[in-house]
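Novice: Residues per chain are reported as follows:
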Amino acid sequence: SQQGEEDPQALSIQEGENATMNCSYKTSINNLQWYRQNSGRGLVHLILIRSNEREKHSGRLRVTLDTSKKSSSLLITASRAADTASYFCATEGAQKLVFGQGTRLTINP
Amino acid sequence: DAGVIQSPRHEVTEMGQEVTLRCKPISGHNSLFWYRQTMMRGLELLIYFNNNVPIDDSGMPEDRFSAKMPNASFSTLKIQPSEPRDSAVYFCASSFAQSRGIQYFGAGTRLSVL
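Going down the list, the protein sequences come from chains D and X.
Here our numbering runs 1348 ahead of the position in the first sequence, where the first position is 1.
Here our numbering runs 1111 ahead of the position in the second sequence, where the first position is 1.
It is worth saying that the hints were derived from the structure and are not from the lab.
Model, not experiment: these values are computed from the prediction.
Don't take each hint at face value.
[Stated by the list, open to error] With a straight-line cut-off of 25 angstroms between C-alpha atoms, the simulated SDA-like cross-links for lysine to any residue are:
1. X:Lys1189 - D:Lys1417
2. X:Lys1189 - D:Arg1389
3. X:Lys1189 - X:Arg1221
4. D:Lys1418 - X:Gly1212
5. D:Lys1418 - X:Arg1152
6. X:Lys1135 - D:Glu1440
7. X:Lys1179 - D:Arg1389
8. D:Lys1374 - X:Glu1155
9. D:Lys1417 - X:Gly1212
10. X:Lys1179 - D:Glu1440
11. D:Lys1418 - X:Gly1153
12. D:Lys1374 - X:Met1171
13. D:Lys1418 - X:Ile1213
14. D:Lys1374 - X:Thr1149
15. X:Lys1135 - D:Val1392
16. X:Lys1135 - D:Ser1387
17. D:Lys1374 - X:Asp1167
18. X:Lys1135 - D:His1393
19. D:Lys1374 - X:Met1151
20. D:Lys1374 - X:Lys1135
21. D:Lys1374 - X:Gly1170
22. D:Lys1374 - X:Gly1212
23. D:Lys1404 - X:Gly1212
24. D:Lys1404 - X:Ile1213
25. D:Lys1374 - X:Met1150
[Claimed, not checked] Which chain D residues face chain X? A few, computed with CB under 8 angstroms, are given here:
26. Gln1381
27. Arg1389
28. Gly1390
29. Leu1391
30. His1393
31. Leu1396
32. Ile1397
33. Lys1444
34. Phe1447
35. Gln1449
36. Pro1457
Just so it is clear, CB atoms sit at the ideal spot from N, CA and C, and this is done for glycine as well.
I would like the entire structure built from these sequences, with the hints used as guidance.
Specialist: Right under this line is the structure:
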């Protein structure tokens, strides 16, 4: 069974707008990671947030973590066409990462 | 570093044939993971190794699937005999510090079983 559930499943916005994706999970975690997958490619790690952190930034990415609600969000600011991809959250449990189904993000020029 | 290298990139085979997928992890990484990705089931962990030893193969769908890691720089995933429902993209990933670490993915092998 999958630990992380992303919401929405698909998101389409205009270039320059901000994109927000959410992830909910079920059990306690040590950390939560976000990955990006471009069409036809492997997943690429974006950012890791530990369970004792509430917010983390990396360039145009901002990740929040609310362990009381078992949820995380990924915000991409000032989106670009190159941000078009699928985004996955991954939670660490039982010594392995479990990935959600992903959010397919489309940035329209 | 060249990253995680998988071969072949594409494989088309007929039902009943043996299929072998190959993976070379990043040098120095001690954990290796095999995943399968389909539209219906998403990304599923099949098996992972730590220091060349299989740790968890609970995701391997059935006995037709087997994986080996004879040394730190090479792993194979074998399907024998293959079935149409095995059609998927298979990814290999490696990491340095068990599964808590960041995983680095290969480009994947797209398998089509006719």
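Novice: Identify every previously stated hint that the structure contradicts and give their numbers, smallest first.
Specialist: 1, 20, 32 and 36
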